[in-house]
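My request is simple: use the sequences and hints to build the entire structure.
There are 2 protein chains.
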Amino acid sequence: MAGFKHLLIVKFKEDVVVEDILKGMQKLVSEIDAVKSFEWGQDIEGEEMLRQGFTHAFLMTFEDKQGYTAFVGHPCHVEFSATFSTAIDKIVLLDFPSVVAKAAT
Amino acid sequence: MAGFKHLLIVKFKEDVVVEDILKGMQKLVSEIDAVKSFEWGQDIEGEEMLRQGFTHAFLMTFEDKQGYTAFVGHPCHVEFSATFSTAIDKIVLLDFPSVVAKAAT
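Residue numbers (this note's numbering), protein chains in the order written: chain A, 1 to 105; chain B, 1 to 105.
Simulated from the structure, these hints should not be mistaken for laboratory data.
Quick caveat: nothing in here was measured; it's all calculated off a predicted structure.
Take every hint as true, because none was put in to throw you off.
Using C-beta positions, here's what the derived DEER-type ranges look like: (1) B/79 x A/33: 43 to 51 Å; (2) B/82 x A/15: 36 to 44 Å; (3) A/50 x B/27: 16 to 24 Å; (4) A/48 x B/69: 17 to 25 Å; (5) B/24 x A/17: 41 to 49 Å; (6) B/18 x A/31: 36 to 44 Å; (7) A/31 x B/33: 37 to 45 Å; (8) A/75 x B/26: 36 to 44 Å; (9) B/31 x A/33: 33 to 41 Å; (10) B/64 x A/14: 28 to 36 Å; (11) B/82 x A/14: 30 to 38 Å.
The C-beta atom is built at its ideal place from N, Cα and C for all residues, glycine as well.
In structure tokens form, the structure reads like this:
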């Protein structure tokens, strides 16, 4: 689906149990209706030179920017963000209205 | 959809006409059947500190890793990559099997 996207690419700190973070994230998106879809992945394929240490991508979809704003301000998100930010070594975050240039059939 | 994802986040060089790159990319994904869906976006919302100069995200979906491999080796992709790589200031690239943790309804 198109909509408004919230994309994170992340390198976690070495001592972080990624499984725990994923559980927290799963709980978060299930608690907040504004999150219409959530998918993620771990790069186990790419070349280190191209992924530059980043290992995980997380992509959330909202109906529109209002949905995203509601998510950001939601108490559960505020609480989770505090935990999440202690777990990351580095992060890039992009928020954008999605343009679907080729649709899944 | 789940499947195998090819994610790029990019900062283009200053003199690049992004519109031309987008046209080339659009042509590329229309030429290669293995690309099941393609969406992209430009971050005009986020905080510079969090997006670290990156402005564009491109996300392609393949049925599986074989589809992705076919795409990478396709002559049109090889040709386009050569042009694309001259246009970028910096890039991070992640390839991963996607886990759908909350499905669009």
